[in-house]
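J.: For reference, the chains in residue letters:
There are 2 protein chains.
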Amino acid sequence: MGLNILVAHGGGPTAVINTSLQGVVEEARASGRVDKIYAARFGAEGLLKGDLIDLTDVPAEVISRLSHTPASAIGSCRRKLTEADYPVVIEMLRRFDIQAFFYNGGNDSMDTCHKVNELALKEGLDVRVIGIPKTMDNDLVVTDHCPGFGSAARYAAISAAELALDASGLPIHVVVMELMGRNAGWVTAASAMASRLTDCEQLVYLPEVPVDVDRMLADIEKGYAKGRGLLVTVSEGVRDIHGKPLADTGIVDGFGHVIPGGVGQHISDLIVQNTGLKSRAEKPGLLGRTSIPYVSPSDRKEAYEVGSEAVKAALRGESGYMVAIEADRSGGTYTSRTFLTPLAGVANAEKKFPMEWIIDGNRIADEFFAYADPLMGGDFPEFALLR
Amino acid sequence: MGLNILVAHGGGPTAVINTSLQGVVEEARASGRVDKIYAARFGAEGLLKGDLIDLTDVPAEVISRLSHTPASAIGSCRRKLTEADYPVVIEMLRRFDIQAFFYNGGNDSMDTCHKVNELALKEGLDVRVIGIPKTMDNDLVVTDHCPGFGSAARYAAISAAELALDASGLPIHVVVMELMGRNAGWVTAASAMASRLTDCEQLVYLPEVPVDVDRMLADIEKGYAKGRGLLVTVSEGVRDIHGKPLADTGIVDGFGHVIPGGVGQHISDLIVQNTGLKSRAEKPGLLGRTSIPYVSPSDRKEAYEVGSEAVKAALRGESGYMVAIEADRSGGTYTSRTFLTPLAGVANAEKKFPMEWIIDGNRIADEFFAYADPLMGGDFPEFALLR
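Protein sequence lines correspond, in order, to chains A and B. Residue 1 is where the first sequence starts when you use this note's numbering, and the numbers rise one by one after that. Residue 1 is where the second sequence starts when you use this note's numbering, and the numbers rise one by one after that.
Simulated from the structure, these hints should not be mistaken for lab results. Zero decoy hints are in this set.
It does not matter which identical chain is meant; a pair holds if it fits inside one copy or across any two.
No more than 35 angstroms apart at the CA atoms, straight line, and that leaves these computed lysine-lysine pairs for DSBU-like:
1) K80 <-> K278
2) K115 <-> K278
3) K312 <-> K80
4) K244 <-> K278
Excised from the complex, chain A in its bound form (with noise of 0.2 angstroms):
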């Protein structure tokens, strides 16, 4: 008799979440010791209310497919357990007799984990726990890197590269990007690749360095006035430098916090009004987490890794770890392992991006590119520019 086992999604999907859930089915299935495959439709909503999806024979063609379907393919939402659901969780567990349960997602998810599993230790039921890490946003610690955050990495970094080759090919304006990332700057970071792809002037602009506007549209003209053309990549979280969101949408969240949106077509505007150059904004947002064109092949692989490796962790017995990555870029060779970290250690804790890979406030230090190169699977387009 083998185990019955859980997955749920938590919060914002990535490109490669699916791939995880498709590590997970296929490492359930060829270990021979799984009767049934569950997951919850929607995450906490569906883990709260019973409401399963079966998928102990969906057909292996169709879990393949997991690989290239973008966003939760078993639905997620963004509902953070409180203290008052660990008990129903705990339930569900037992009415479907779950005796491994796994859950995708970030920071609050791995909080959700570990308190699932101290509940369940508490009350005695025989549940293995395990965290599969996701997040575009990198922002995990322990883990050298998360699932998901290559892919968006790479879609910031080549994406921006083809604007900027727009930009720098018909410079009639400048061209500004907004990047998703309210908190840190991971991913607008890789966009910085642009202006190593391309002949475009570039600035980049993090939400962790305030910005002051003057000096900002001061950059700009300077590097407009450089002939090709001039791209401005900037997180939508970027803030001035009193600390509040350069541009916001009016909108007050539950925290009473102003809720930063339009950034990207905010700093265009200004561009127009003070400057007197042409400028568009582009902000392809939520595509920066969908595309699977732009997924990275060593992202992929990675997910589907924590997703198996969390399985096979299940089967040895072991609870209340997060599958984390370790990775080795010596000899400018990238290899890369996973390994059990205590859940505990990952819950609501915060990676920073590194202040010392900011130069002048607007460009990326190389330590961030032989860093994050391999994560977003290197291969990177070389173009010919013949003008």
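Fit chain B to the supplied structure of chain A, relying on the hints for placement.
T.: This is chain B only, laid out in the frame that chain A set:
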């Protein structure tokens, strides 16, 4: 003694305009009948200044990379040639001893081509003038479609489907996507593929149909209420029932027309203010014409062919034509071939989106996809939806 040839780009680039350039260069080399291969640096600007790039000895390996280089590898501009400019162009053709001139562009460029050809004939200059079509907007007449459209359509179709999966997999907000195409809905119509490839509800707004804002908001509430998420795709150029842009930049162009802009964000704001639903807007903008990973294979193939055919036609002594595409969709298969059509018949004419392909103002008929599927290259993703 062979011919000296000159190629120039006009207006906004497409994802495959460099592939047509590759077709020109490789055909010229293969013919053995071309001496010098020149390109105008930044289009009309280089043409008028006599600022030419000599491509004659650029390595074949660099030329082969053109099919994977977005924007214009030789540079383009938005300068429309005036009557006073044509004699300058003739003088440059004479100065550089050019026997074949290729202008790769849209309506305006074909008009330029036509006038240069007329003036050359009048002045007894022995130069063959051939237009190479290019426009993501697909608004050139006579030709079945334009190189550049298939890739812009594929981008709109697949990236809209990816956004739709995000919207239905984490259904916390309406997602609004703004697409290029100020006057013609060809590209935005392609985005209607999203609901065909996914489980998400979708509404599509083209510039051809005046938008009744109250009805649109009611349809958005109704669509979202179905519980499968909602994607709204909208052309940047949609107008209200009074014929005014639904959103404008506040900037007036040289002809006194208000420049439309930011309509996606505007609709998203209207949703938040009037329906109680959450909403966010994405605007990939120029990425819709520069993204190489979304290029349509059939579009790339045809873009190459119109370039190589232009050279063949000039070598046969033809002049005053544009290379057009004839397509055969009978029997469920797609084949296409090039033919020559007089420049006079395509200059300044505009192909409209058929109104009978728009259903109830916000859906797209199957007839459009029968026309456009092969241009987008077919082979659309099949997603794994398990929820």
